[in-house]
Structures are given as C-alpha cells and as structure tokens.
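For the sequence shown, the numbering used here begins at 24 and goes up steadily by one.
No false leads were mixed into what you were given.
Pairwise CB distance ranges, derived in the manner of DEER restraints:
(1) Gly193 with Thr83: 46 to 52 angstroms
(2) Leu187 with Ala75: 32 to 38 angstroms
(3) Leu187 with Pro87: 41 to 47 angstroms
(4) Arg124 with Ser57: 16 to 22 angstroms
(5) Arg94 with Thr120: 36 to 42 angstroms
(6) Phe86 with Pro48: 51 to 57 angstroms
(7) Gly172 with Asp90: 19 to 25 angstroms
(8) Pro185 with Ala160: 30 to 36 angstroms
(9) Glu58 with Gly125: 17 to 23 angstroms
(10) Arg190 with Ala123: 35 to 41 angstroms
(11) Asp165 with Leu49: 51 to 57 angstroms
(12) Leu184 with Glu58: 16 to 22 angstroms
(13) Ala109 with Leu187: 28 to 34 angstroms
Everything labelled a hint here was simulated from the structure, so no lab data went into it.
Note that the structure is predicted; figures quoted are calculated from it, not measured.
Glycine included, each C-beta is placed from N, C-alpha and C at the ideal position.
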Amino acid sequence: MADHHPRAAGVSRPDAARHTRNETPLERADRNFSELLQELRVTQTGVQILFAFLLTLAFTPRFPSLDSVQRATYVVTLLLAVLAAALFTAPAAVHRTLFARGAKPLIVRVSSRLAAIGLAVLVLALTGSVLLVVDVAVGRTDGVLAAAGTFLVCAGLWGVLPRLVGRAGGRR
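Just need the whole structure built from these sequences, with the hints factored in.
In structure tokens:
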C-alpha cells in the first residue's frame, strides 16, 4: 500500500521497500500523493453516494413520522457525511494552492492527515446511517446493535487490520 505516512514524504526508513526504490524525496512525495489520490477516489465516491442517499431521505413520505431521536440521528449523520466529503476533497485544494511552491512533501503530509480524519468521520457517518435505517425499519434496539456492529467492522477493517498486516509484513 502507499507509504504516504507523514514521515514517508522525505525521511528514509530502514525497511526493505525503502532500499529497493531509487527515488529522490520529491519523486517519493509525487508517488505518495498519486497513491493517496487513488485511495481518495474510492472513499470519495462512497461518501458522495451516502450523502445523496441522506439528502433524499428528508423528502420521503415517511420522514415526517420520524421521532426526535431519529431526526437528530439524521441531521448529525448528514453533517458527518458533509464533513467527510470536505475532508476527502481538501487535499485537492491544498495541492492546488501549494504545488507551485515546491511543497509536495508538506502537501502529502497534510493530505494524508486529512484522509485519515476523513476515514474516522466516515465511520461515524456510516454508523449513523445504519442506526437510522435499522431504527426506522426494525426498531431502536436493533438499530443500536447494527450501528455498533457497523462501527466495529469499519474500525476493524480500516484501523486494526492495516496495523496487523503492517506488523506481519515487518517480520519477514
């Protein structure tokens, strides 16, 4: 996977992958930013679909019958989806503003942090969406359980799994 970790844009690390690439810090930053953009394309599409879904909910016939908890869940989830979309598109704005200044390593570090925060916000938006839909469709208790499961699956796949894979890869 991309080594766009904040340190990767200009600081060498003693792992095997570092020694097999003959690239300058700027070439590494260019490659890392390109890989980060590929990752953002995947996540941004998902956020856009989620946001569009949430926008349409307010105009459905059943929306007026939502209770106050469901409405609050809806509003918070909608705002989380907006925040996630903003975080995932911010690297383009950062790049647009700073690329001509020769600040690519800085762009990569900032963009990587924005993407990581975006993923954390996206987990919350997905969790809220599942909570709302299952709550309306089946009931509050099932909604809370489904939301907790969603949170745990996303946190596991996006947070725990990469760390485990990284540790296993470092033992070679």
